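Mind docking chain B on chain A? Use the hints.
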Amino acid sequence: MGSRIVSFELCGREVEVLVSPMATLQSVLRSQLGYTGTKEGCRQGGCGSCTVLVDGEPMMSCLLPVEDVEGRRVTTIEGIAPVAGLAPIQQAFIEKNAFQCGYCTPGMVVLTKTLLDHHPSPSRDEIIDALGGNVCRCTGYAPIIEAIEAAAAGATTDAGRDAGDWPDPSGER
Amino acid sequence: MPELKMPEPLHVVGRSVQRSDAAAHVTGRTRYAGDYTFPGMLHLRMVRSPVHHAMIRAVDLSRAERVPGFVRALTWRDVPHNVYTILGLIGVEPEEEFVLAQDRVRYKGEPIVAIVAETEAAALEAVAQVRLDLEELPAVFDVEEALQPDAPIVTHWGSNAFMFEGHPCRRVRFGDVEAGFAQADHIVEAVYNSSPIEHAPTETTGCVAVPEADGRFTVYTNTQALYFSLDNTAIILQVAGKRLHFVGGTVGGGFGGKVDVIVEPIATLAAMKTGRPVRYVFSRSEEMQVSSTRSAWRIRIRDGVMRDGRIVARKVTSYADSGAYSRQTPYALTKHAANAAGPYAIPNVSIDAYCVFTNRTPSSAMRGFGVTMASYAIEVQMDRIAERVGVDPWTIRFVNAYRNGDMKPHRKLAEDATLIETMQAAAALVGHELTDEQRAMTSAPRSPGPEGSPGGEAAAAGSRAAGAPASAGAPAAPASTAEGVL
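Read top to bottom, the protein sequences are chains A and B.
Using the numbering used here, read the first sequence as starting at 678 and increasing by one per residue.
Using the numbering used here, read the second sequence as starting at 4 and increasing by one per residue.
Chain A with its partners taken away, still in its complex shape:
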């Protein structure tokens, strides 16, 4: 079996990439296309760190042969934020301190984005259920759930704020 070209839409742009047989979407994103926001926690579908959206549905890219996304629309963490600023769910993760080491965060944010797209007002149980495949080993699930609740309620302070425009840690505004 030889390599072949696969083309798909990645975060709004068309890409064509020469891939080895059975290469996963995860490895192609990270190693060939430089999209390293998609993380690599277990490469066996056990942790959710590599979650991406394929035609709007969350999938673990470590289990997905890249040939399967031919002609489809792939959104990674790099495609979640608007051109300027952050998506409300990203804003909510920051405000609720919903990360410690940050390694599970891209998968959590991508998963939550689609949860809220499909289901704008999830109950706490539905949020917990949706997070079932995504592991946070710093065990910070409570603030993650709170962030999702806040984003669902539209309760973030300023969803359009630029990512760099935060109060200086020294307290000087």
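No wet-lab data here; the hints were simulated from the structure.
Note that the structure is predicted; figures quoted are calculated from it, not measured.
By construction, the Cβ of each residue, glycine as well, lies at the ideal position given by its N, Cα and C atoms.
For the chain A half of the interface with chain B, some residues (derived, Cβ under 7 Å), not all of them:
| # | residue |
| --- | --- |
| 1 | G718 |
| 2 | C719 |
| 3 | F776 |
| 4 | G779 |
| 5 | C781 |
| 6 | P783 |
To be clear about the criterion: a stretch of chain B counts as covered by chain A if any three or more of its residues have a C-beta under 8 Å from a C-beta of chain A, and this derived list gives those stretches:
| # | segment |
| --- | --- |
| 7 | 26-36 |
| 8 | 196-208 |
| 9 | 254-267 |
Chain B in isolation, oriented as in the chain A frame:
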């Protein structure tokens, strides 16, 4: 001392502050060690021992070398200083861990040959093609069995115990523990066991080592101990530290599991030998199987207790399973010995804490290591004592809580005791009704009372006051028997 200028008013304490890495985390722009790629980057995978204990008769690389994409193999002969110990930097001896196994493997998963290849798939294929000729040896997996005279010996110096300044265990001697047992109303004895625990960080251990044009090596690593890793790498590779530039600080979960210097030396060596960037990142199964764990412990506690709940003697014999190599475990035993009497004022204490070598995966640091399991054992033991004496678990702790000014068994004065106040706050939070006496207690230094005077806590306290280890109601033990060794 120069007079300190008062700083500007504080802006941070007491308020939430935006983390500087927050925006990068939520947008996927944080760069972890495994996210770095470089032109011509090679991939390193390890040939590991499939058995717990064996002599290595031969290693045949001929088939591996024919795998397309194979670049080179590294064996112990390639490692300038192949036998090291991580804590050598702080004077711990002897050097005993092999970067790559030489003539013997001591645990399942021990690295033997590093394979460097053009792709990860080629490296994995070449690893699978290496033929090992091993002569399996009897293995030992239990700390107490490992200390028996006929046990298989794991180390290269003929004993399975780490030697602490000439002793096979870390020792604390305070007062006269046998005299304490002799006058106790109850003896409460139990053994506490724990299993190894893997930290299982979401990001596996790894690094990328890059040769630079100026002859230096840049190493992007997720170590929790950047300069510790740099210094050990310099020793193992026998190069000046200035030739190594370690870039870190971004760790995808550590919890103590990324303080051992496991991937950087061999990745840097591979970069030196090939002149190309080398990526060495653990697979999930490597993370679970061969990265250090929290030690398994066995802790034997024998307490002499008076009818009123006062502990008058405590003897602790602890064994930490270090696995095949010491890594950070000797340090854990020292911390353990300092804490194994618990936050309690006990006049007679004897502690023997063994760091034991077995054929299990090496153990090392993990959140509070050495102390965590001591706390587990001691606090379950306190509940047992309460049950035996017939008081509630709160009372047994108030009765024995240490105070400021009490001498701890390892000869450190208690200066920051808050156990009583913490228990009072906890009782309020959970709605537990304390006695008036318990509510009135504080961690303030005990008022000296006449030895053996009837009733009252001042009397009991007096016998435990600073520097005067003594058994309750008996003459103070002569100071000359005190043998605090830490």
